[in-house]
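Since the structure of chain A is provided, determine the placement of chains B and C on it from the hints.
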Amino acid sequence: MSDNTNIRLTLPVVCFVWQIAMIILFGVFIRYDEESDTHWVETKAHDNITSDIENDFYFRYPSFQDVHVMIFVGFGFLMTFLKRYSFGAVGFNFLIASFGLQWALLMQGWFHSLDPQTGKIFIGVESLINADFCVAGCLIAYGAVLGKVSPVQLLVMTLFGVTLFAVEEYIILNLLHARDAGGSMVIHTFGGYYGLAISRVLYRPNLHQSKRMQGSVYHSDTFAMIGTLFLWMFWPSFNSAITDHGDGQHRAVINTYLCLASTVLTTVAISSLSQKTGKLDMVHIQNSTLAGGVALGTAAEFMISPYGALIVGFFCGIISTMGYIFISPFLEKTLKIQDTCGIHNLHAMPGVIGGIVGAITAAAASESVYGKQGLINTFDFTGDFKDRTVLTQGGYQAAGMCVSIVFGVVGGAIVGSILKLPIWGDPADENCFDDEVYWEVREPATHHLLFTI
Amino acid sequence: MSDNTNIRLTLPVVCFVWQIAMIILFGVFIRYDEESDTHWVETKAHDNITSDIENDFYFRYPSFQDVHVMIFVGFGFLMTFLKRYSFGAVGFNFLIASFGLQWALLMQGWFHSLDPQTGKIFIGVESLINADFCVAGCLIAYGAVLGKVSPVQLLVMTLFGVTLFAVEEYIILNLLHARDAGGSMVIHTFGGYYGLAISRVLYRPNLHQSKRMQGSVYHSDTFAMIGTLFLWMFWPSFNSAITDHGDGQHRAVINTYLCLASTVLTTVAISSLSQKTGKLDMVHIQNSTLAGGVALGTAAEFMISPYGALIVGFFCGIISTMGYIFISPFLEKTLKIQDTCGIHNLHAMPGVIGGIVGAITAAAASESVYGKQGLINTFDFTGDFKDRTVLTQGGYQAAGMCVSIVFGVVGGAIVGSILKLPIWGDPADENCFDDEVYWEVREPATHHLLFTI
Amino acid sequence: MSDNTNIRLTLPVVCFVWQIAMIILFGVFIRYDEESDTHWVETKAHDNITSDIENDFYFRYPSFQDVHVMIFVGFGFLMTFLKRYSFGAVGFNFLIASFGLQWALLMQGWFHSLDPQTGKIFIGVESLINADFCVAGCLIAYGAVLGKVSPVQLLVMTLFGVTLFAVEEYIILNLLHARDAGGSMVIHTFGGYYGLAISRVLYRPNLHQSKRMQGSVYHSDTFAMIGTLFLWMFWPSFNSAITDHGDGQHRAVINTYLCLASTVLTTVAISSLSQKTGKLDMVHIQNSTLAGGVALGTAAEFMISPYGALIVGFFCGIISTMGYIFISPFLEKTLKIQDTCGIHNLHAMPGVIGGIVGAITAAAASESVYGKQGLINTFDFTGDFKDRTVLTQGGYQAAGMCVSIVFGVVGGAIVGSILKLPIWGDPADENCFDDEVYWEVREPATHHLLFTI
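Chain order of the listed sequences is A, B and C.
Heads up, the final residue of the first sequence is numbered 489 in this note's numbering, and it's a clean run with no missing numbers.
Heads up, the final residue of the second sequence is numbered 489 in this note's numbering, and it's a clean run with no missing numbers.
Heads up, the final residue of the third sequence is numbered 489 in this note's numbering, and it's a clean run with no missing numbers.
Keep in mind that the hints were calculated from the coordinates and are not lab data.
Bear in mind the structure is a predicted one, so any value in this text is a computation, not a measurement.
The beta carbon of each residue, even a glycine, is placed where N, CA and C say it ideally should be.
Certain hints may be false.
Stated by the list, open to error - Derived lysine-lysine pairs resembling DSBU-like cross-links, with alpha carbons at most 30 Å apart:
id, chain 1, residue 1, chain 2, residue 2
1, B, K156, A, K408
2, B, K247, B, K156
3, B, K408, C, K156
4, C, K247, C, K312
5, A, K312, B, K456
6, A, K408, B, K80
7, A, K80, C, K408
8, B, K247, B, K456
9, A, K80, C, K80
10, B, K80, C, K80
11, C, K80, B, K408
12, B, K156, B, K80
13, C, K312, A, K456
To be verified - A few chain B positions that, by computed beta-carbon distances, are all more than 10 Å from chain C:
id, residue
14, I207
15, L367
16, L371
17, E479
Chain A on its own, in the form it takes in the complex (with noise of 0.2 Å):
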């Protein structure tokens, strides 16, 4: 690794560039959807649409800025919780988030509604939601390599991580035809690996030399604890954000509610288990509470009925606390994959139970539960699809997973081996997760090191 950490050419450099890149394909390819053009009067008159709350705006506006703090506050501030690295986590976040969601509104356009006619991607409220769930699969990888890399190594990681993700979106979504409304699979299980490849490839055999700068301080676990409970609350957005107006969206809101609520008690009783006498460990309060979210991510829309949430929620908080008592060390240890988050934890293995449990629940549908139409609404059994039997459907989406994890390993690997280069300025190993690299500091180093140490 090199300790070059200069990257006055470089960042500067890859931000311009890619941003004017970004206002020319934006220019060539992106309008305006008909609901949000000023023609909507025209459109409203043409489809006999009597009222303006019609507008999807208005379905799906209070969820999208859920998402949206989700992606900005939640993720951003849940990173801060490394004692000198909370500038670097809510800071290189909103910079790579901010990147991501414009190259995402171009590749996930190109995938999925590039109209065939014009040439255009029409973009609406239900774009900007699936930019910033694009987003927030390279955001989960961050977590892995938190505290190592520079800002342009996450740069580059967004990059072909908007690009994977847009790729094994379309494979699960439109050819196999999975359902996936919070992204179980799609985003925190390719997320979670793509993540946990390129921490692997960069591993770091000394990095014990910044143990000085690793685990939190007081105020800075507080400060995490804002990102913890702002996904945690607005999970329910999260997974309702796309799906079917109506009881569509309601229902996914009820289970993602639920199933969070059960993660947080086994996740008190695994932490409290954990410890000679009991005591609460904060990283898996702050972390491991969230695994039931993502685990519902793709059956919170179904019919798996609130005790059926609760009980994802249950396993899943038992689940994540033990993994980061025990396999986090193991897979540093054995595997050489050094997870400054967690994310194996909080997203890889809980977004492989979602898909599990999504193709299971996919699989046991019936009509007696969903109804006929119900059914068919629900795993939209239309067009090329309309004689896919449930149990096909659940076949489908197992193989969605595996889609995801593929996509996450294979990417990340080769991912990591660019970001392996040693052109990107990222820090010595004694210098990691320091803020000082990357940012102005104002308060003399000392300070920070007689007082935290």
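Just chains B and C now, with coordinates in the frame of chain A:
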């Protein structure tokens, strides 16, 4: 009080057993309501509902999310003001709210919406709001005992609190048919006296031994303002979340918005008056600015008129701030009630004021102001209550308030006695208000002690 | 400047007298509008409105709450960056916003919606949004004088600021019939120059005496990022809160979302370029990333097209960050304008850019892009203005911007002179930027001084 704070057995057992009980009870009783079930498509056809936007989800979900933020971030961060109890404030708040909302769905379901034919409880977004409301009562009570109890005691307190809440709510709203949309009586008065009674029973004569841990530091006060502001900003959503569609929600928002603005000015005035040189006290700004929202919980949906809302806020700011200056020390010295967060000033007193304001404005309601149908809608003078006069309604409102006080005081006394048993792992007097009792804290205590005393 | 900072008389008197005045004026003038009145049931029947969801509440309340968060958490926490002025930042912001919104409802009501028949002002959710907008102008101005004035001065500044705002807004929106949905001109340009002019009049040649208190510490910068992010995330709601139902709100959201994303990348680029080793400066990230939202305040509802929004953001990030690097030091040295938060770079300049962008895009609007009815709707070419051309509209937009600058500069100069009177209890030069002047601070100052200098 025991000073064996080892909760490695009790906490996990309580979490696991209670969560499993929730799963079983949810399996037996809880189902999706017709607006969140896949059969909604049939319901729509049957009821001639033309658009999915008529689903109650779209009327209430934005308010629900605001309430959800109040419960977890609002209450949680408001209590982080102590210099070294932020983990306990946010973390235990998170734990008991997550348990409480599940138990509330059951208790409120049994009392309010058990379908006699099927024996099931059907839940939708309004149920989630009500569950969050119910939990709020217990979180208020937590404020009185903050730093002095173990998480196991908090869970026990929540179990009984939710149970008592559901009963008093049933009596007040269903039997007495009082109106209390924002819960001045049902939530704040009950929750306040419940917490104060528990704190009285758990009186610690030697609490001064942990005096070094009481009070705030600079950043803990700033964290607490996050809680204050999210409570303050979203209180209009709290008071309007379950009011009537249309003008009911609209009016409740306007009233609460105005009332709270007025409270801020008089809180600042009294706080400044209370110090020799007019300096402001963060304790007042953090808490008393919210009293107006509490006091408008009952009357927010009435035609109290904009200036009426300002008047309520005006007096609440004064009374609540004076409560912190004069009444809290009196309660502690004379009545032996140690009220960590001053919930008497923020919830109990303003709740009682809110009940009185509600009774008076109900009794003074007239057809000339409300309109014939408006009066019927606002007070729900239908069915068994179609002949009730506004004067009678005012009387029942007042009766409702008495019920909430009695349930709070008597219930709290009983639950307090249970919590006095020496089996719950509560901290010794000299270890109160210290996160190190129940949390892994990574900074050595010496660091902390050196710099904050 | 006086250094008698005792405000025990003035602050309570101002709070009480003004709040009582508000109550009286509200009693005389303010009533619920027809959508928040219990007579709504009759209005619905009369106007053939079939569903409660047509109530304007459901179109605007989610946006209102986002704006509300921006005003209290956004502006409040953005200003917590100073090492020892967080209480003043959040607390005084809270105070003046709470007063300002009441006064704004009256002032804006008299100018915009006084019913000539009844002499009453009828308020609904849109009035609340406008009141919050009006307050934003004063909070912007607060940024220029942060740490240098007393709360009494801030209240006086708010009283006059809201008054001036309502007049300039009336001239710009009603007389000139300019469009300014997100307030590039009306809010940001006016607020920016108002604050800068006041700061110029209150120039303190010896401000360097409190140099030890200027600048940030690690955690205060992290707190400030809470403000930054909530402003950034919710700016789409700000710019769309009062635009036309349907496509108007939808389009304003898309434009603002994209513009702000673009701003982040160029802000990072310039910030990195400005330091020897490419390190980033939190001041830039906290502030300049928001400039795009300001600059799209006028044009957000126009058909500026997605790539147009990206271009605006691109240049705003550059200009605003360069403002912090080059223009702010120049303003302080040469023009004697001490601008604590750099509002010239975040609000004044981007506001002017927004006015220019609005004028150009209005002048360039065409029926081929907007559609015949779309053009009429977007620019409200109805009634007296039905024959106005887009070119004329562009001219009036430009005229509107000039009005906002004039009102800001002249109004600020006059109000600044009033605030110079030695009766307001403002701090001495050596006590600026210090919370201990107006707040009970529990940690001894020595602790603070020891560890942050």
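Against the structure, the hints come out as follows:
With a CA separation close to 23 Å, the supplied pair K156(B) and K408(A) stays within the 30 Å bound. For the proposed pair K247(B) and K156(B), the alpha carbon gap of about 51 Å is over 30 Å, so the pair is violated. Annotation: proposed proximity of K408(B) to K156(C) holds, straight-line Cα distance about 23 Å (limit 30 Å). With a C-alpha separation of about 24 Å, the suggested pair K247(C) and K312(C) falls inside the 30 Å cut-off, and the hint holds.
Straight-line distance between C-alpha atoms of K312(A) and K456(B) comes to about 25 Å, which keeps the hinted pair within the 30 Å bound. Among the hinted pairs, K408(A) with K80(B) is consistent with the structure: their alpha-carbon atoms are about 15 Å apart, no more than 30 Å. Under the criterion of a C-alpha separation no larger than 30 Å, the hint pairing K80(A) with K408(C) is consistent with the structure, at around 15 Å. Distance hint between K247(B) and K456(B) is fulfilled; the C-alpha atoms sit about 22 Å from each other, no more than 30 Å.
Restraint check: the Cα-Cα separation between K80(A) and K80(C) comes to about 22 Å, which is no more than 30 Å; the hinted pair holds. With a C-alpha separation of about 22 Å, the suggested pair K80(B) and K80(C) falls inside the 30 Å cut-off, and the hint holds. For the hint pairing K80(C) with K408(B), the CA-to-CA distance comes to about 15 Å; that is within 30 Å, so the pair holds. Note on K156(B) and K80(B): the hinted pairing holds, with a Cα-Cα distance of about 22 Å set against a maximum of 30 Å.
Of the pairs offered as hints, the one joining K312(C) and K456(A) holds, with about 25 Å between alpha carbons and a cut-off of 30 Å not exceeded. The Cβ of I207(B) sits about 27 Å from the closest Cβ of chain C, beyond the 10 Å cut-off, so the non-interface label holds. Residue placement check: L367(B) keeps its beta carbon more than 10 Å from all beta carbons of chain C (closest about 21 Å). With a least beta-carbon separation of about 26 Å from chain C, L371(B) lies farther than 10 Å from that chain, consistent with its non-interface assignment.
Against the 10 Å criterion, E479(B) stays outside the reach of chain C, whose nearest CB is about 14 Å from its own CB.
The structure shown violates just one earlier hint, number 2.
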